[in-house]
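There are 2 protein chains.
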Amino acid sequence: MSNPSDQPETESTDAINVAPRTSVEQVEEGQDLAPKFDRDGLIACVTTDAESGEVLMLGYMNREALEKTILTGEAHYWSRSRQVLWHKGATSGLVQRVVEMRIDDDQDAVWLRVAVAAGTHSEPASCHVGYRSCFYRTVELKTGKIIYAETEKTFDPKVVYGDAPNPTLL
Amino acid sequence: MSNPSDQPETESTDAINVAPRTSVEQVEEGQDLAPKFDRDGLIACVTTDAESGEVLMLGYMNREALEKTILTGEAHYWSRSRQVLWHKGATSGLVQRVVEMRIDDDQDAVWLRVAVAAGTHSEPASCHVGYRSCFYRTVELKTGKIIYAETEKTFDPKVVYGDAPNPTLL
Numbered sequence: 079m080s081n082p083s084d085q086p087e088t089e090s091t092d093a094i095n096v097a098p099r100t101s102v103e104q105v106e107e108g109q110d111l112a113p114k115f116d117r118d119g120l121i122a123c124v125t126t127d128a129e130s131g132e133v134l135m136l137g138y139m140n141r142e143a144l145e146k147t148i149l150t151g152e153a154h155y156w157s158r159s160r161q162v163l164w165h166k167g168a169t170s171g172l173v174q175r176v177v178e179m180r181i182d183d184d185q186d187a188v189w190l191r192v193a194v195a196a197g198t199h200s201e202p203a204s205c206h207v208g209y210r211s212c213f214y215r216t217v218e219l220k221t222g223k224i225i226y227a228e229t230e231k232t233f234d235p236k237v238v239y240g241d242a243p244n245p246t247l248l
Numbered sequence: 079m080s081n082p083s084d085q086p087e088t089e090s091t092d093a094i095n096v097a098p099r100t101s102v103e104q105v106e107e108g109q110d111l112a113p114k115f116d117r118d119g120l121i122a123c124v125t126t127d128a129e130s131g132e133v134l135m136l137g138y139m140n141r142e143a144l145e146k147t148i149l150t151g152e153a154h155y156w157s158r159s160r161q162v163l164w165h166k167g168a169t170s171g172l173v174q175r176v177v178e179m180r181i182d183d184d185q186d187a188v189w190l191r192v193a194v195a196a197g198t199h200s201e202p203a204s205c206h207v208g209y210r211s212c213f214y215r216t217v218e219l220k221t222g223k224i225i226y227a228e229t230e231k232t233f234d235p236k237v238v239y240g241d242a243p244n245p246t247l248l
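Protein chains in written order, with the working numbering: chain U, 79 to 248; chain V, 79 to 248.
Honestly, the hints are just simulated from the structure, not real lab data. Since the model is a prediction, treat every value here as computed from it, not as a measurement. Don't take every hint at face value.
[Unchecked claim] Which bits of chain V does chain U cover? Going by a derived footprint, with three or more residues having C-beta under 8 Å, they are:
| hint | stretch |
| --- | --- |
| 1 | 106-114 |
| 2 | 147-153 |
| 3 | 168-182 |
| 4 | 186-194 |
| 5 | 201-208 |
Beta carbons are placed, not taken as given, at the ideal position from N, Cα and C, and that holds for glycine.
With the hints as extra help, turn the sequences into a complete structure.
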């Protein structure tokens with residue numbers, strides 16, 4: 079979840095050939111794109127920086143977001159807090175260009191390797207709080223203590239997002 | 079989801095100091111470990127190879143799995159298909175030693191950087207189908223065509239897991 083005040087987009091896309099799931103063998107070892115959407119119609123998506131390998135965010139896609147990502151080569155997600163299709167970077171300029179898309183064994187998760195564009199008011203970053211990665215904090219082993227791995231924000235979210243509501247839900 | 083025939087473990091752990099979620103500021107910019115578990119009591123977990131940066135799997139943890147991972151420094155998950163606590167590698171030997179744990183902005187996802195041990199019958203790997211990563215297939219942009227990124231399995235799952243039921247759900 080990140081940069082969620084980017085513009086929603088709702089127009090439909092050309093369909094990708096998504097196969098029905100017929101067997102474990104087909105899903106795991108076949109040639110079909112046969113994603114498993116959960117009871118909310120979503121599939122989890124890990125997004126990493128294609129160059130550094132850093133995990134930038136963990137988001138979710140509905141079928142339309144998955145298809146738009148494949149067709150356009152730019153990351154689209156489903157915003158669970160705003161309940162809209164979300165073209166990452168549409169407002170902030172922090173677009174994620176997909177270098178490679180992977181899908182996992184049981185096809186209930188995708189992995190995007192992306193190149194993040196510089197924003198209109200920012201160096202490349204992907205976190206709505208202003209950090210490069212949403213995972214800017216370490217959890218210390220044994221203790222569970224929180225330690226900041228990124229000690230400085232990349233951008234000021236107030237400048238980039240203005241008064242858009244914060245998407246973090248308690 | 080991977081190597082899911084590893085032994086379940088059900089004993090409880092010493093508690094980590096997990097804080098209640100009281101404000102967006104506390105969750106995003108505070109010093110508290112205040113994870114958000116979903117309606118099933120789970121938090122998503124991205125696991126990457128600490129050396130190569132490759133995404134190995136996307137799993138889920140309940141509170142006990144999260145605490146055990148922090149306390150023991152070895153990855154524990156909640157197996158959604160088997161509905162048991164799952165100490166990765168307990169059967170196969172393919173244990174994931176945690177090098178670093180991160181948590182994201184709204185604390186509804188964790189990222190584990192791990193070193194994978196060699197298994198009893200295998201080189202280091204993390205996918206129950208036999209591949210190094212669960213994300214062994216690419217989805218081609220524009221077309222959605224499936225292309226195998228890993229062309230050879232690292233191990234034979236029949237040797238490592240025997241007759242354990244396949245965890246992939248249709």
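Okay, the hints, checked on the actual structure:
Counting residues of the stretch 106-114 of chain V whose C-beta sits closer than 8 Å to any C-beta of chain U gives 7, which meets the bar of three, so the coverage hint holds. With 3 residues having a beta carbon nearer than 8 Å to a beta carbon of chain U, the stretch 147-153 of chain V meets the requirement of three or more and the stated coverage holds. Here the stretch 168-182 of chain V counts 6 residues with a CB under 8 Å from a CB of chain U, which clears the bar of 3, and the coverage holds. Taking a C-beta to C-beta cut-off of 8 Å, the stretch 186-194 of chain V contributes 4 residues in contact with chain U, enough for the three needed, and the coverage statement holds.
Residues of the stretch 201-208 of chain V lying with their CB closer than 8 Å to a CB of chain U number 3, which satisfies the three-residue condition for coverage.
Checked against the numbered hints given earlier, the structure satisfies every one of them.
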